[in-house]
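A.B. asks: Protein chains in written order, with my numbering: chain A, 1 to 115; chain B, 1 to 234.
What the hints contain is simulated information worked out from the structure, not anything from laboratory work.
Honestly, I wouldn't trust all of these hints.
Said to hold, decoys possible - Here are the computed lysine-lysine pairs in the DSS-like style, where the Cα-Cα straight-line distance is at most 27 Å:
hint, chain 1, residue 1, chain 2, residue 2
1, B, K214, B, K115
2, B, K224, A, K85
3, B, K113, A, K85
4, B, K29, B, K109
5, B, K224, B, K115
6, B, K29, B, K85
7, A, K85, B, K164
8, B, K224, B, K164
To be verified - Per the computed footprint, the stretches of chain A lying under chain B, defined by three or more beta-carbons under 8 Å from a beta-carbon of chain B, are:
hint, region
9, 3-10
10, 13-26
11, 50-57
As the list claims (entries may be wrong) - In silico negatives: residues of chain B with every beta carbon more than 12 Å from chain A:
hint, residue
12, Q19
13, P45
14, R98
15, V101
16, Q106
17, K113
18, Y117
19, F165
Beta carbons are placed, not taken as given, at the ideal position from N, Cα and C, and that holds for glycine.
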Amino acid sequence: MVTTITSFGRSGLYDWMVQRITAVVLLSYTVFMIGYLLFNPDLDYNQWKGLFEGTLMRIFSLLALLSLVAHAWIGMWSVSTDYIKATGARFLFQSVCGLLAFIYVVWGIQILWGI
Amino acid sequence: MLVSVYRYNPEVDDAPYMQDIHIDIPGGKDIMVLDLLQLLKEKDPTLVYRRSCREGVCGSDGMNMNGKNGLACITPLSEVVEGDKLVLRPLPGLPVIRDLVIDMSQFYKQYEKIKPYLINDTPAPAIERLQSPEERAELDGLYECILCACCSTACPSFWWNPDKFVGPSGLLQAYRFLADSRDTATRERLAELDDPFSVFRCHGIMNCVSVCPKGLNPTKAIGKIRNMLIQQAT
Ligand code: SF4
Ligand code: SF4
Ligand code: FES
Numbered sequence: 001m002v003t004t005i006t007s008f009g010r011s012g013l014y015d016w017m018v019q020r021i022t023a024v025v026l027l028s029y030t031v032f033m034i035g036y037l038l039f040n041p042d043l044d045y046n047q048w049k050g051l052f053e054g055t056l057m058r059i060f061s062l063l064a065l066l067s068l069v070a071h072a073w074i075g076m077w078s079v080s081t082d083y084i085k086a087t088g089a090r091f092l093f094q095s096v097c098g099l100l101a102f103i104y105v106v107w108g109i110q111i112l113w114g115i
Numbered sequence: 001m002l003v004s005v006y007r008y009n010p011e012v013d014d015a016p017y018m019q020d021i022h023i024d025i026p027g028g029k030d031i032m033v034l035d036l037l038q039l040l041k042e043k044d045p046t047l048v049y050r051r052s053c054r055e056g057v058c059g060s061d062g063m064n065m066n067g068k069n070g071l072a073c074i075t076p077l078s079e080v081v082e083g084d085k086l087v088l089r090p091l092p093g094l095p096v097i098r099d100l101v102i103d104m105s106q107f108y109k110q111y112e113k114i115k116p117y118l119i120n121d122t123p124a125p126a127i128e129r130l131q132s133p134e135e136r137a138e139l140d141g142l143y144e145c146i147l148c149a150c151c152s153t154a155c156p157s158f159w160w161n162p163d164k165f166v167g168p169s170g171l172l173q174a175y176r177f178l179a180d181s182r183d184t185a186t187r188e189r190l191a192e193l194d195d196p197f198s199v200f201r202c203h204g205i206m207n208c209v210s211v212c213p214k215g216l217n218p219t220k221a222i223g224k225i226r227n228m229l230i231q232q233a234t
């Protein structure tokens with residue numbers, strides 16, 4: 001058993017599962033978005049605004065945002081533990097990723113509920 | 001043909017270098033890479049490599065031949081030589097002791113970690129612990145591993161974290177004991193593997209499968225370990 005305190009869930013299986021599930025969420029969000037844009041070629045501002053005002057869409061978007069952050073965290077954490085050998089630099093990189101993730105969540109919520 | 005061999009003797013060389021040797025194969029026969037090494041050694045007796053069984057059983061002559069890991073003794077020249085040239089290097093990713101000989105301690109440490117022996121705390125029966133033919137068949141494709149390290153040293157995940165990621169060879173053996181009907185330590189074994197490194201550093205690149213000289217499939221075994229972990233945890 002290798003101990004880690006900076007990974008997402010501290011269990012490899014948990015991280016692996018989260019990575020898979022968030023990937024499915026992100027994929028369905030992407031497919032939905034592409035589909036929506038394709039089926040509404042002459043989209044105007046009000047229609048676009050209306051889409052994101054709906055509660056269901058807000059739930060879906062927030063879910064996608066949180067999935068993105070979790071997915072990115074697990075991925076970047078793996079990259080950092082593969083390629084950054086110096087502990088200080090690795091921790092710094094992970095901290096920056098964590099901070100960015102937090103900023104994106106707050107910012108995203110602000111955008112979603114600011115509509 | 002031209003053979004380019006990795007040379008490094010830490011006692012005299014400041015840095016490793018490649019030594020180019022031109023050599024004629026007697027009779028132009030399709031000999032094994034190990035036989036070629038023997039010919040090279042006759043030319044230059046300072047060349048060092050490991051070998052023992054010379055028939056793909058002991059696992060001591062794993063090396064990198066024109067970029068691909070394999071056992072020199074069962075790899076014919078026709079399989080690896082390209083444009084009459086052969087580049088021989090030690091297995092990548094582990095410290096070099098001298099020339100083609102690497103220090104396998106890290107590899108064995110990972111093997112030791114997975115407790116490569118049967119654990120059974122039930123009272124020993126008067127005769128052997130029997131297995132049905134089906135139970136025995138579960139071990140096929142697992143027990144044949146000769147610990148040559150060709151797979152683990154071809155695995156990028158093992159290169160980056162040889163101290164934390166068990167590696168394909170160790171994981172194949174981990175599954176060999178998880179799959180054994182006579183072993184009772186399944187839970188403890190799985191608990192040891194459920195961290196972000198030991199098993200989950202495998203990204204399914206499958207380099208291990210493509211180099212294993214015994215034709216084994218560590219990626220499949222790793223998938224089975226993962227399934228066992230999922231089953232136990234959901
Ligand atoms: S499948 Fe896994 S163990 Fe095999 S080479 Fe790829 S990462 Fe390594
Ligand atoms: S799995 Fe194959 S390549 Fe890996 S150590 Fe065993 S025999 Fe060698
Ligand atoms: S010398 Fe034994 S495996 Fe090649």
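A.B. asks: A separate judgement is required for each hint: does it hold in the structure or not?
C.D. replies: Each hint tested on the structure:
Proposed proximity of K214 (chain B) and K115 (chain B) is supported: the alpha carbons are some 22 Å apart, at most 27 Å. With a C-alpha separation of about 30 Å, the suggested pairing of K224 (chain B) with K85 (chain A) is violated against the 27 Å cut-off. Proposed proximity of K113 (chain B) and K85 (chain A) is supported: the alpha carbons are some 23 Å apart, at most 27 Å. Straight-line distance between C-alpha atoms of K29 (chain B) and K109 (chain B) comes to about 40 Å, which puts the hinted pair past the 27 Å bound.
For a cut-off of 27 Å, the pair hint linking K224 (chain B) to K115 (chain B) stands: about 18 Å separates their Cα positions. Our distance criterion of 27 Å between C-alpha atoms is met by K29 (chain B) and K85 (chain B), whose separation comes to about 15 Å. A C-alpha spacing of about 13 Å is found between K85 (chain A) and K164 (chain B), which places the hinted pair at or below 27 Å, so the restraint holds. With a C-alpha separation of about 20 Å, the suggested pair K224 (chain B) and K164 (chain B) falls inside the 27 Å cut-off, and the hint holds.
As drawn, the region 3-10 of chain A meets chain B at 4 residues by the rule of a beta-carbon pair under 8 Å; at three or more, the given contact holds. Beta-carbon proximity to chain B at under 8 Å applies to 4 residues in the region 13-26 of chain A; the threshold of 3 is reached and the given coverage holds. Interface restraint, the region 50-57 of chain A with chain B: violated (0 residues with C-beta to C-beta distance below 8 Å; minimum three). No beta-carbon of chain A is positioned within 12 Å of the beta-carbon of Q19 (chain B); the least distance is around 31 Å.
The non-interface label for P45 (chain B) is consistent with chain A: the shortest C-beta to C-beta separation is roughly 38 Å, beyond 12 Å. Its beta-carbon lying about 25 Å from the closest one in chain A, R98 (chain B) satisfies the requirement of being farther than 12 Å from that chain. No beta-carbon of chain A comes within 12 Å of the beta-carbon of V101 (chain B); the shortest separation is about 25 Å. Under the 12 Å C-beta cut-off, the non-interface status given to Q106 (chain B) relative to chain A holds; the minimum distance is some 14 Å.
Residue-level check failed: K113 (chain B) sits 9 Å from the nearest beta carbon of chain A, not beyond 12 Å. At roughly 19 Å, the least C-beta separation between Y117 (chain B) and chain A is larger than 12 Å, which holds for a residue marked as non-interface. Distance check for F165 (chain B) against chain A: the nearest CB is about 8 Å away, which does not clear 12 Å, and the non-interface claim fails.
In this structure, the hints that do not hold are numbers 2, 4, 11, 17, 19, in rising order.
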